[in-house]
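Using the sequences and the hints given, assemble the complete structure.
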Amino acid sequence: AQRVTQPEKLLSVFKGAPVELKCNYSYSGSPELFWYVQYSRQRLQLLLRHISRESIKGFTADLNKGETSFHLKKPFAQEEDSAMYYCALSGNSGNTPLVFGKGTRLSVIA
Amino acid sequence: EAGVTQFPSHSVIEKGQTVTLRCDPISGHDNLYWYRRVMGKEIKFLLHFVKESKQDESGMPNNRFLAERTGGTYSTLKVQPAELEDSGVYFCASSHTGYTDTQYFGPGTRLTVL
Chain F
607 AQRVTQPEKL LSVFKGAPVE LKCNYSYSGS PELFWYVQYS RQRLQLLLRH ISRESIKGFT
667 ADLNKGETSF HLKKPFAQEE DSAMYYCALS GNSGNTPLVF GKGTRLSVIA
Chain X
7 EAGVTQFPSH SVIEKGQTVT LRCDPISGHD NLYWYRRVMG KEIKFLLHFV KESKQDESGM
67 PNNRFLAERT GGTYSTLKVQ PAELEDSGVY FCASSHTGYT DTQYFGPGTR LTVL
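Respectively, the protein sequence lines represent chains F and X. Take 607 as the starting number for the first sequence in this note's numbering and just add one per residue. Take 7 as the starting number for the second sequence in this note's numbering and just add one per residue.
None of these hints come from the bench; they were simulated from the model. Keep in mind that this is a model prediction, so the values were computed, not measured. Any given hint might turn out to be false.
Listed below are several chain X residues computed to face chain F (Cβ distance under 10 Å; list not exhaustive) [stated by the list, open to error]:
hint, residue
1, TYR39
2, PHE51
3, GLY65
4, ASP107
Think about it this way: if two alpha-carbon atoms lie no more than 35 Å apart in a straight line, the pair counts; the simulated DSBU-like pairs of lysine-lysine are [stated by the list, open to error]:
hint, chain 1, residue 1, chain 2, residue 2
5, F, LYS621, X, LYS47
6, X, LYS84, F, LYS615
7, X, LYS60, F, LYS615
8, F, LYS671, X, LYS84
9, F, LYS671, X, LYS50
10, X, LYS47, X, LYS84
Each residue gets a CB set at the ideal place from its N, CA and C atoms; glycine is no exception.
In C-alpha cells, the structure reads:
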C-alpha cells in the first residue's frame with residue numbers, strides 16, 4: 607500500500623536553529639517524492655521534489671531508498687519558515703495522483 | 007497568469023442538501039485533480055481528469071459524489087445528498103501533461119455539513 611508518514615504533528619524551533627521535518631514512505635516501486643508547504647492564508651504550493659535536487663529557500667531533502675525516507679532539512683530556521691509542511695509521493699509514470707502525509711506544523715520562535 | 011481558482015471559498019449546508027463545488031484550472035492544463043482533507047486526516051485524492059475524461063476515480067468515497075469536467079475546462083464536484091462526514095476542505099489541482107509537471111493547487115473550498 608502507498609503511505610506517507612510524518613511522525614511529528616508540530617515542531618517548534620528557535621530562529622537560527624536547524625530544522626528537520628521527518629517523512630517516511632511505503633511504496634512498491636520507485637516513487638517520486640515531494641514537499642509541499644502551506645503558509646498562513648495561502649494555498650498549498652510545491653517546495654521541492656527529489657528529482658530536481660534543488661535547494662529552495664534554504665531547504666533540502668534527500669531521498670534515502672534504503673530507509674524509505676525523504677526528510678526535509680534547513681540549517682538555520684527563519685521566522686518566515688513557519689507553515690504547514692506536507693510530504694507527498696506519486697508514481698513515477700507522470701501525472702499521477704499525490705499521496706500525502708498528515709503534515710507537520712513548523713513554528714519558528716523568535 | 008491566474009492560478010487555479012475554486013468557488014465558493016466556504017459553504018455551510020445542512021445534511022441532506024446538495025452542494026456543487028467548482029474548479030477552474032490554469033489555462034492549458036489538461037490534468038485536473040480533486041483532493042479532500044477531512045479534519046485531522048491527511049489530504050486524500052478523489053479523482054483525476056485528463057481533459058474531459060475521468061482518468062482515475064478510485065478515490066471517490068461513494069456515489070453521492072459526482073464530478074464533471076465540461077469540455078475539458080472547468081470542473082464541478084457535486085455532493086448529493088450531503089452527509090456530516092463530507093465536511094472538510096476540498097482542493098483542486100491542475101497540471102500540464104508531462105513527466106515532471108507540477109500540480110498547482112487552488113485555495114480550497116471549506117465545506118461544513120450541519
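Verification of the hints:
Interface restraint check: X/TYR39 against chain F, minimum CB-CB distance 6 Å, threshold 10 Å, status holds. Given the 10 Å rule on beta carbons, the hint for X/PHE51 holds: about 4 Å separates it from the nearest Cβ of chain F. Against a cut-off of 10 Å between C-beta atoms, the interface hint on X/GLY65 holds, since the closest Cβ of chain F lies about 7 Å away. A least Cβ separation of about 7 Å between X/ASP107 and chain F falls short of the 10 Å threshold, and the interface hint therefore holds.
The straight-line distance between the Cα atoms of F/LYS621 and X/LYS47 is roughly 29 Å, inside the 35 Å bound, and the hint therefore holds. For the hint pairing X/LYS84 with F/LYS615, the CA-to-CA distance comes to about 32 Å; that is within 35 Å, so the pair holds. About 34 Å separates the Cα atoms of X/LYS60 and F/LYS615, which keeps this hinted pair within 35 Å; it holds. Restraint check: the Cα-Cα separation between F/LYS671 and X/LYS84 comes to about 40 Å, which exceeds 35 Å; the hinted pair is violated.
The hinted pair formed by F/LYS671 and X/LYS50 meets the criterion: a straight-line CA distance of about 24 Å does not exceed 35 Å. For the given pair, X/LYS47 sits about 22 Å from X/LYS84 by alpha-carbon distance, which is consistent with the 35 Å threshold.
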